[in-house]
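Engineer: Those protein sequences? They're chains L and Y, same order as listed.
Each residue of the first sequence is one higher than the one before, counting from 2 in the working numbering.
Each residue of the second sequence is one higher than the one before, counting from 2 in the working numbering.
There may be inaccurate statements among the hints.
Unchecked claim - For each label pair, taking beta carbons as the anchor points, the in silico distance ranges come out as:
(1) L:Glu235 x Y:Arg113: 36 to 42 angstroms
(2) Y:Thr59 x L:Glu127: 24 to 30 angstroms
(3) L:Lys33 x Y:Ser50: 32 to 38 angstroms
(4) L:Thr119 x Y:Glu234: 30 to 36 angstroms
(5) L:Val108 x Y:Ser50: 30 to 36 angstroms
As the list claims (entries may be wrong) - Only pairs whose alpha carbons sit at most 25 angstroms apart, straight line, appear in this in silico DSS-like list of lysine-lysine:
(6) L:Lys57 x Y:Lys88
(7) L:Lys316 x L:Lys111
(8) Y:Lys316 x Y:Lys326
(9) Y:Lys278 x L:Lys26
(10) Y:Lys260 x Y:Lys281
(11) Y:Lys326 x L:Lys29
(12) L:Lys57 x L:Lys111
(13) L:Lys323 x L:Lys281
(14) L:Lys57 x Y:Lys26
(15) L:Lys281 x L:Lys111
(16) L:Lys249 x L:Lys190
(17) Y:Lys278 x Y:Lys323
(18) Y:Lys88 x Y:Lys33
(19) L:Lys323 x L:Lys278
(20) Y:Lys115 x Y:Lys57
(21) L:Lys107 x Y:Lys88
(22) L:Lys281 x L:Lys316
(23) L:Lys260 x L:Lys209
(24) Y:Lys57 x L:Lys88
(25) Y:Lys111 x L:Lys88
(26) Y:Lys281 x Y:Lys111
(27) L:Lys57 x Y:Lys29
(28) Y:Lys107 x Y:Lys26
(29) Y:Lys88 x L:Lys111
(30) Y:Lys316 x Y:Lys111
(31) L:Lys316 x L:Lys326
(32) L:Lys281 x L:Lys326
(33) L:Lys260 x L:Lys26
(34) L:Lys88 x Y:Lys107
(35) L:Lys29 x L:Lys281
What the hints assert, rightly or not - A short list of chain Y residues far from chain L (calculated; beta carbon distances all over 10 angstroms):
(36) Leu17
(37) Glu66
(38) Val69
(39) Ser72
(40) Val79
These are calculated hints, taken from the structure and not from any lab test.
Glycine residues also receive a C-beta, built at the ideal position from the N, C-alpha and C atoms.
2 protein chains.
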Amino acid sequence: MKILVQKFGGTSVGDLERIENAARKVIKALEKGYKVVVVSSAMAGETDSLINLARKITDFPNEREMDVLLSTGEQKAVALFAMTLRKLGCPAVSLCGWQVPIVTDKVHTKARIKKVGTQRIRNLLEEGYVPVVAGFQGVTEDWEITTLGRGGSDTTAVALAAALGAVCEIYTDVPGVFTADPRIVPNAKKVPYISYEEMIELASLGAKVMQIRSVEFAARYGVRIHVRSSFSEEEGTWILPEEEVMEKVVVRGVTVETKESRITVVRVPDRPGIAAKIFKALGDAHIVVDMIVQNVSHDGYTDMSFTVNRAEAQKAEEIVRKVAKEIGAKEVVRDDRVAKVSIVGLGMRSSYGTAGKMFEVLARNGINIMAISTSEIKISCLIDEKYAELAVRELHEAFIEEEDIEVEKGGG
Amino acid sequence: MKILVQKFGGTSVGDLERIENAARKVIKALEKGYKVVVVSSAMAGETDSLINLARKITDFPNEREMDVLLSTGEQKAVALFAMTLRKLGCPAVSLCGWQVPIVTDKVHTKARIKKVGTQRIRNLLEEGYVPVVAGFQGVTEDWEITTLGRGGSDTTAVALAAALGAVCEIYTDVPGVFTADPRIVPNAKKVPYISYEEMIELASLGAKVMQIRSVEFAARYGVRIHVRSSFSEEEGTWILPEEEVMEKVVVRGVTVETKESRITVVRVPDRPGIAAKIFKALGDAHIVVDMIVQNVSHDGYTDMSFTVNRAEAQKAEEIVRKVAKEIGAKEVVRDDRVAKVSIVGLGMRSSYGTAGKMFEVLARNGINIMAISTSEIKISCLIDEKYAELAVRELHEAFIEEEDIEVEKGGG
């Protein structure tokens, strides 16, 4: 059986007309000879309106009940989707998470999938039905309803594709992954192929298309994903194992994150355990720390900088001020006007001079680099926020628009 | 364990404020020492809006998918109800039909309950939780979602009360069962006690309060029901086994049904099997026939009249016209301006003169009787629709407002 999992996001099933449009994509795939499994999100706006309802009752709605409440959104959508398929002459059967079953752990509102039952779906496929599975929801071994957290329908689709050995199509409201945000870089191009790793590193670009956790899931099981628009016929972006990505460019995309803050602890005594103290305190407060930079020590003292999400900057600063006092640091400085610009690409591994060129591009435009961090396939620079868009445009021009030349210049 | 099942109808959970009001009734019962099981309908309007959504897709939505769709209404309500109870400091756990489980047959959109699991509910009660059960929905042995048909939440509540040996409170938007429709008879009184049988015969009065099928269910298992208003503290109407109804009045209530039509087949050859032919044809078309009157035969011919719901009168007439031709009847006459007025009461069994008095009251007011039908505890007369309200008022005055005198006059 050639099985295709087609996942439709909230905007793709936003009203009955759009559900019908989605259903026609299913029928087209059937006509091509695929057995199709549909995964549907809740209709756009539904989940938010349910959350708002719960918030009107209490600021802290019980999480178990929240899952019971939210899971109605997808249940409604799959019933309507199956009805629509039947109207179009295609036998279809909706399935809630517990009917598949999508078995999860017990962590309500952000459960993880433990096991995917495939027997019922396989039976339905063999009998000629299209199973329409409610995304985002699961069931514990104690028959409690769970949900997988925001974007969880992507994870449902990828998990089903993994369990069924299927290809996974993700239908959304954008045509694919771009080399940069087209609102910043008008010349940004749609990427035809991208590796899981690149997709994960390009989170800020990719997240508009697909939930990153589900890409990690896909990477683990080697699920081939095709993200594409519900509203056109054109090919989108394939997310594939590295070895299947034909064209290994040095830089696949340029991203920027602007909601960052930098906190610097000035003149920290350079003793073992000091850094641990600072970051344990932040970890205990569930604050996610991004870039961490520690300069070389002079006369027994050093400066330590890190970035956090701007929404958490105030809280982080307060925590760090307390620790700074304990450890005898001179002062704590916070800068809310920073941005992180990054270039990402598999080709970086086998190419030299990429970092140097990036710094050169920034310098040439008068952009000062406040901090640098690198991974195997990504280089990030912290810069003044006011240069964020300029930096992205210039890096995109240098690395992507002149890409072909770059590839020739580079090389292992 | 003294268990109380409290069922709240759609208007009683119509918005978050009303859900909180309902939750306070639960807490009051807990304070009185009861263990409480809540059954909730969908929020008022929810089911209709889901039906409308499905109807926009197709005139004949698949019934299995209809059940998946509609069951989200109650699921949403119980999650919000449980959240509200928790906010008020009362540990509560919502349960969908499949989680109880409420096991039904496979007849989608009007399933019948086959079995009610009580173990999970009993465990929750023992652990101090209030189980909040989604009304109206069940699950088949194949794990398919079913619904019980309109008013099915009452049946859920009664079935749970039967299984748990509990008393059943039905909270609704009227204060109880009345001796007549108060909009027609300003002197109508709330009935403190009524037997299952009387309640069933008073369907047209009772149905505003409680679904009649659930009363039949209660009768079978002897479940004591208290129907009362969500919006006051006053006692409502107890629906009880006959032997517990203290006050056996001759006439418990007066009802009228105005959406009736009468169809008469004139000069039917009086041969065996003729009536069967007519009513089998109607039955095959799923038309419910109410009163049937056949006059004594003269010269081998008779007239046969029956009433049907006015919405089905046209269809019924067409069917009967065909049969009439086959059997050689003279003609078929339809009258859409008829009403059925009835008096109902357990005391009728042991009282004489009730029918005569009813006919006398109608005659005294110049109301002609077109047909009569009787059961052990009910007498119905078909009359011209324009006299419907007058008849109800006069019968109410004669049988209810002068009730005390009547009881003394009557007797076995």
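Engineer: Beyond 10 angstroms from chain L, beta-carbon-wise, is Leu17 of chain Y?
Structural biologist: violated (6 angstroms)
Engineer: For Lys316 of chain L and Lys326 of chain L, compute the direct alpha-carbon distance and say whether it is at most 25 angstroms.
Structural biologist: With Cα atoms ~16 angstroms apart, Lys316 of chain L and Lys326 of chain L stay inside 25 angstroms; holds.
Engineer: Is it true that the CA of Lys281 of chain L sits at most 25 angstroms from the CA of Lys326 of chain L?
Structural biologist: Answer holds: Lys281 of chain L to Lys326 of chain L is near 15 angstroms, not above 25 angstroms.
Engineer: Quickly compare the C-alpha distance for Lys278 of chain Y and Lys323 of chain Y to 25 angstroms and report which way the hint goes.
Structural biologist: Holds: Lys278 of chain Y and Lys323 of chain Y sit about 11 angstroms apart, inside 25 angstroms.
Engineer: Is it the case that Val79 of chain Y keeps its Cβ farther than 10 angstroms from each residue Cβ in chain L?
Structural biologist: It is violated; Val79 of chain Y is separated from chain L by about 7 angstroms at its closest Cβ, not greater than 10 angstroms.
Engineer: Is Lys57 of chain L within 25 angstroms of Lys111 of chain L, Cα to Cα?
Structural biologist: holds (21 angstroms)
Engineer: Is Lys88 of chain Y close enough to Lys111 of chain L, meaning Cα to Cα at most 25 angstroms?
Structural biologist: Judged against 25 angstroms, a Cα distance of about 22 angstroms means the pair holds.
Engineer: Could you grab the alpha-carbon distance between Lys260 of chain Y and Lys281 of chain Y and see if it respects the 25 angstroms cut-off?
Structural biologist: Distance of about 23 angstroms is within 25 angstroms: holds.
Engineer: Hey, Lys316 of chain Y versus Lys111 of chain Y, does the alpha-carbon distance stay inside 25 angstroms?
Structural biologist: holds (23 angstroms)
Engineer: Lys323 of chain L and Lys278 of chain L: Cα distance at most 25 angstroms?
Structural biologist: holds (11 angstroms)
Engineer: Hey, is Ser72 of chain Y genuinely clear of chain L, shortest beta carbon separation above 10 angstroms?
Structural biologist: violated (8 angstroms)
Engineer: Tell me if the straight-line CA distance from Lys88 of chain Y to Lys33 of chain Y falls inside 25 angstroms.
Structural biologist: Distance ~20 angstroms between Lys88 of chain Y and Lys33 of chain Y Cα, so the pair holds.
Of the hints listed earlier, those the structure fails to meet are numbers 1, 4, 9, 11, 20, 28, 33, 35, 36, 37, 38, 39, 40, in rising order.
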